[in-house]
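A.B. asks: These are the residues of each chain, in order.
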Amino acid sequence: MAQAVREINLPVRKDRPKGQGLGVDKIFLTLVLLFLIVPLGATLIFGLSSGNSINFNTFQSVFTDHDFSQTLLLSLGLALASTILAILLITPTAYWVQLRLPRARPLMDFLALVPFAVPAIVMAFGLVEVYGTGNTLINILSFGLVPVLSNEPFNVVNTPQLLVCAYVIISLPFVYRPIDNNLRAINTKVLSEAAYSLGSGWWRTFLTIILPNILPGVISAALLTFSTVMGEFTLASLFSIYTFPIYLNVTGQNDAHKAASLTILSFFLTMIFVLGIILLVRIRPGSRGNEDRLDIVAAK
Amino acid sequence: MAFLELEHITKYFGRTAAVMDINLSVEQGEFLTLLGPSGCGKTTILRMVAGFETPSNGNILLDGDDITNRSASKRPMGMVFQSYALFPHMNAEQNIAFGLSIKRTPKDVIARRCAELLELVGLGDKGRNFPHQLSGGQQQRVALARALAVEPKVLLLDEPLSALDAKVRVSLRNEIRRIQQQLKMTAIYVTHDQEEALAISDRIAVMARGSIEQLDLPEEIYNNPRTVFAATFVGTSNHFNGLLESASEGLCQVEHQTLHVPPVPNLHDGDRVLVMVRPEEVSVQNSEEGVNVSANGAGNHIAGVIELRTFLGPFTRFHVRVNESTTMTADVPSQQARDYYVAQRVVLSFPPDACQVLPLDKEAVELERLAEAEEEKV
Amino acid sequence: MQLGAATGKTESVTTPGQSSVKIRRPAGINWSYSIISWLGFVPFLLFCLLFEILPAVMIIQNSFLDSNTGALTSSNYQIMLSHLSYVHAFQTSISLSVVTALIGAFFGFFATYGLYNLRTGWLRNLVISFSSIAANFAGVPLAFAFVSTVGVTGFITVLLLRWFHIDLYNGLNFSLYTFWGLVLVYTYFQLPLMILITLPALSALRPEWREAATNLGASNFIYWRRVALPILLPSLIAATMLLFANSFGAYATAYALAQGSINIVPILIGFVVNGNVSLDPGLGNALAMGMIVVLLIAVSLYTVMLRRVSKWQGR
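Chains as they are written, first to last, in my numbering: chain A, 1 to 300; chain B, 301 to 678; chain C, 679 to 993.
Don't take every hint at face value.
Claimed, not checked - Using C-beta positions, here's what the derived DEER-type ranges look like:
1) C:L850 to A:T136: 33 to 39 Å
2) B:D366 to C:P908: 32 to 38 Å
3) C:S773 to A:F110: 28 to 34 Å
4) B:N429 to A:F143: 46 to 52 Å
5) B:D366 to C:F842: 34 to 40 Å
To be verified - Some chain A residues close to chain C (C-beta under 10 Å, calculated; not the full set):
6) T93
7) A194
8) G231
I should point out that these hints are in silico values taken from the structure, not numbers from a laboratory.
Where a beta carbon is used, it is the ideal one built from N, C-alpha and C, also for glycine.
So that you can see chain A by itself, here it is in the shape it has in the complex (with noise of 0.2 Å):
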């Protein structure tokens, strides 16, 4: 599955207009609001239904099946994996090229737009090629480290190994962004000289000074990483590792009732995620008064 990036400013305005809508607006936002809300509640009723009853059944059948658990788990380890790996690489790389490399931010920002050129799909289909197939230019492009890591010992074809790789990748993006506004949002280059000229290295700076004060963005990246990696279809299917999206999918395609009951829960799990990075970001500091950038993910 694929993601992609949006940015959200919660408004907090000060003075609102009055009066002054087009009038269809609230009509066509009751609208939406339906529209997204039916399916939802649909959902849940045929979930808790097993043929003419309403009843918990479908629940009860799904938290006692085997793959359930373990599918979870292994997404569950996949996230976690995913999360520390970007974070970790992106981060210092973050504040490093906010400090010292300005001129490296047109690439940052170009590296941040591939995965929307490259969608997960067209992505999986070019791994699968570099590390399962030979290719003499590659090789080379690739410092040797191609064929290193696509023989023994290392093998990463198909791994989950090369799987948490790649959504590192995918969540690039909306792990940068983040990240990146809030290194803004705190003035950065001041606060770091001023911490050098009293005396600090660049590694206790970053760990004392930055990284405390750019911790709902790392944070908000981690929860976005995470949900994404837990919800993400596209590349664990066609690396055939089975995960749990890849559970609910083979779920879903034999018993309907249980697989609206997997979904229910899907959005459960969705929603702490998303409210949990909302809040996080209301109590950012250093965020401007009436702006309060919010990066969203949307899988498909």
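Could you slot chains B and C onto chain A? The hints should help.
C.D. replies: Structure of chains B and C alone, referenced to chain A:
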């Protein structure tokens, strides 16, 4: 009947009165400034005149017409905003032409008028530039031209210079004044910068907490402030709280010293008062030399020690400590100030009629604090 | 500026032969500073290279190679562009994306405006939070949510039949498993996405613009036609592009819903990866390349529009 009349204007926001029973008459061609700290209601009044807010009470009359309830787009006013508010997707010329194009003015007339106005504001060759390609001062000039294009009866300016650099502020305020006089346009100007107000206004309305403290010529407000707030908000001043010993003879007891002030027939002996003296009225003399006593013998002389010496170009400002809790400010032309240095013992002198005596009641004390808080913000 | 003209010797920092006043680091230190700066960037760059750039390069390269002989050829593209089913796949993908983008943009914009004007703060925040969740709720769960709703035995389907005697599938010939069914499902995440992107754009509409326009005599209609909409246009175009890209690259939802019976490009590529024998890998590369090209156009337009927005906002 003046050109623009505000009668008993009151405005409530929720339960707070932002503006309370304001009465204002603006003559045609006059440049009136509403001057006061933030929250005093000056912008609210301007917005009510423009039509963006409706008064809770009272009437607004323009040239005899009651426009109190007329919508903003139908009022013949031109407004200049603090943030310029230029339409970003239109260049300077298109911005200026906007109001005219709504009125379906023929294209050639519009083109001619835009060219005229660009010349007027000194941006003749910048018509094709977009707002983001112009400096702050240039943007504000385009905004001014845009407001003038529709030939308004009144020009409204809401702190138009606050967002600009100091030098630009000075030159642009003179330009605004020049254009206003050239066009004989009635203008209402809102600002918290009292230097600005003094420099370009025909009349100033000093405002605090929703009411007008004093409405007068700039010179009058500066030299004869009639309330404590006006005295302390406008210009720098030395002020002392004291007790009026003798209203008829003009004697005032201030911190163990008696000051000679002009007779104040409208006050009583024993009243609490504020005595105000402008720094430029205070002269500095070395205390070793003999003190110069004025012709009729009754001058004010206070001894002190120079604490701080600030060179301000044409004159030098001395902060002189006269006792534990009081310092006085004296402005001396820099040529003369050369002889004085920090820690020197001096005598400060000022004549009685340089003093302004104002009654001090509880509200006045609060307003005095308000004015001082504004100063500290700088 | 004439330095030193009248006074002879001056304190000007210009020396003969040099016009710069800057203090420059000795050249050697400049170099090593630069190198170390780039060195710090290397781990990340390497990671992107291995997992982002090289797959794309591989696809580009392989699309020009014959999958059996390895020889340079344009036959993959020729086949792709001549076979009806592949052309059809692109057409379907593009029209699906265009339709859902336009529906999402149109309804989403007005819904956003309604949201923007909502006075009650807590309700607004609730809707925003809900939109965030809904935009995130896509892929497999979404497909099943719609199956549960308007599938053959879906809740609404049954409801309509039992209570209103409207037969969705047999009578009205509706099916969730067709193009329009997919449009319905995709719209579910496109709408909230539009809301989330457009809300900040609306907030960027400064109230002074409206006041200035009103002051100059503009009515509500004129304000919208000549000021607000033109200013919003780049943001709206960018949003539509994003919606398009979002829909075009979607795989999971379509797969979960139709199991590959719908002919769109992502599904085709999925076949190739899964080793479906009827599809040649070389062709798969060409298809992927086609996707990349289409998406690059959309993303470029998106970037250009956003740049215009920030230019106008003076950032």
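A.B. asks: Hints first: check each against the structure and report whether it holds.
C.D. replies: Hints, one by one, checked against the model:
| no. | hint | in the structure |
| --- | --- | --- |
| 1 | C:L850 to A:T136: 33 to 39 Å | violated (58 Å) |
| 2 | B:D366 to C:P908: 32 to 38 Å | holds (36 Å) |
| 3 | C:S773 to A:F110: 28 to 34 Å | holds (29 Å) |
| 4 | B:N429 to A:F143: 46 to 52 Å | holds (50 Å) |
| 5 | B:D366 to C:F842: 34 to 40 Å | violated (59 Å) |
| 6 | T93 | holds (4 Å) |
| 7 | A194 | violated (20 Å) |
| 8 | G231 | holds (6 Å) |
Hint violations for this structure: numbers 1, 5, 7, all remaining hints satisfied.
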